[in-house]
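Following the hints, complete the assembly by docking chain Z onto the known chain D.
Taken in sequence, the protein lines are chains D and Z. Following this note's numbering, the numbering of the first sequence begins with 27 at its first residue and continues without gaps. Following this note's numbering, the numbering of the second sequence begins with 10 at its first residue and continues without gaps.
Keep in mind that the hints were calculated from the coordinates and are not lab data. Where hints are given, some of them may not hold.
As the list claims (entries may be wrong) - Ranges of calculated distance between the beta carbons of each label pair, as one might list FRET restraints:
(1) 98/D x 123/Z: 35 to 41 Å
(2) 95/Z x 86/D: 43 to 49 Å
(3) 41/Z x 160/D: 21 to 27 Å
(4) 55/Z x 46/D: 15 to 21 Å
Claimed, not checked - Derived contacts from chain Z toward chain D, CB cut-off under 8 Å, selection only:
(5) 26
(6) 56
(7) 57
(8) 61
(9) 67
(10) 85
(11) 86
(12) 90
(13) 108
(14) 113
Said to hold, decoys possible - In silico contact screen, one side only, chain D against chain Z (beta carbon under 8 Å); selected entries:
(15) 105
(16) 120
(17) 121
(18) 128
Only a predicted model underlies this, so the values are computations on that prediction, with no experimental measurement involved. Note that beta-carbon positions come from the ideal geometry of N, C-alpha and C, so glycine has one too.
So you can see what is in the structure, the chains are spelled out below.
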Amino acid sequence: MAEATVKKERPKHLNLMQIRLPLPGFVSILHRVSGVGLFLSLAGLIWLLGASLGTPEQLECYRATMAFSVLGLPVVKLFLLGLLWAYLHHFCAGIRFLLLDMHIGIELTPARASAVAVLLVSLSLTALLGVLTW
Amino acid sequence: MVKRLVVGAHYGFRDWLAQRVTAVVMAVYTVYMFVCVLNLPAYDNAAWRGLMSGGFAKFATFLFALALFYHAWVGVRDIWMDYVKPISVRLTLHVITLLALIGYAGWVAQILWRL
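Chain D on its own, in the form it takes in the complex (with noise of 0.2 Å):
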């Protein structure tokens, strides 16, 4: 009986520096990456939902927080940016990969399309309702 006893050494390539990423796995990896930032700022996005929706004085909190600035710039509500970015392209691949579950889009072409405009999508979603609600 043949065994497979040989082990080739095979080529590993993991330096993230010199990956290169397909756009689908950039996508993806902004997929973690945002759900990761969402996880960890949950605390403080349920702390100001309870202090929009609080006593007066947690309401005069909830303004003197959103209102905060370093230096000139609104450090809060950059922060709360940043996350509506995260929320809405966990949002735009998240779809992305429901489709693809039910095997839509799965051919090379539309999957790169379709990471594209995940990307274009929820980058100008962000600056719109960034604009809106500022």
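For chain Z alone, kept in the frame of chain D given last:
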């Protein structure tokens, strides 16, 4: 007799499905809330409070929160499993994640039902 190699805890398919069901719940809620906010009579705190005080808004928001926390649990647990190999550290992180999410659920319930 067939010797079966039993691997894993068999939560793979269940969680794969839960991840998608919770995602759809959150997506529907997001669009619904977006339309509600667009239809607000004014953009001030009273209108926001009025929107969130409705019985259905509370129910839907709490459902969204639970879907979010379950979704986050599956996603974050996968990340710990991908990157954290020592079993004791991984278990600790799993427990911290789970406890935080359970606490958040109580926190959201308290915010909504004191309105």
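*Failing hints, ascending?*
4, 5, 6, 9, 11, 12, 13, 15, 18
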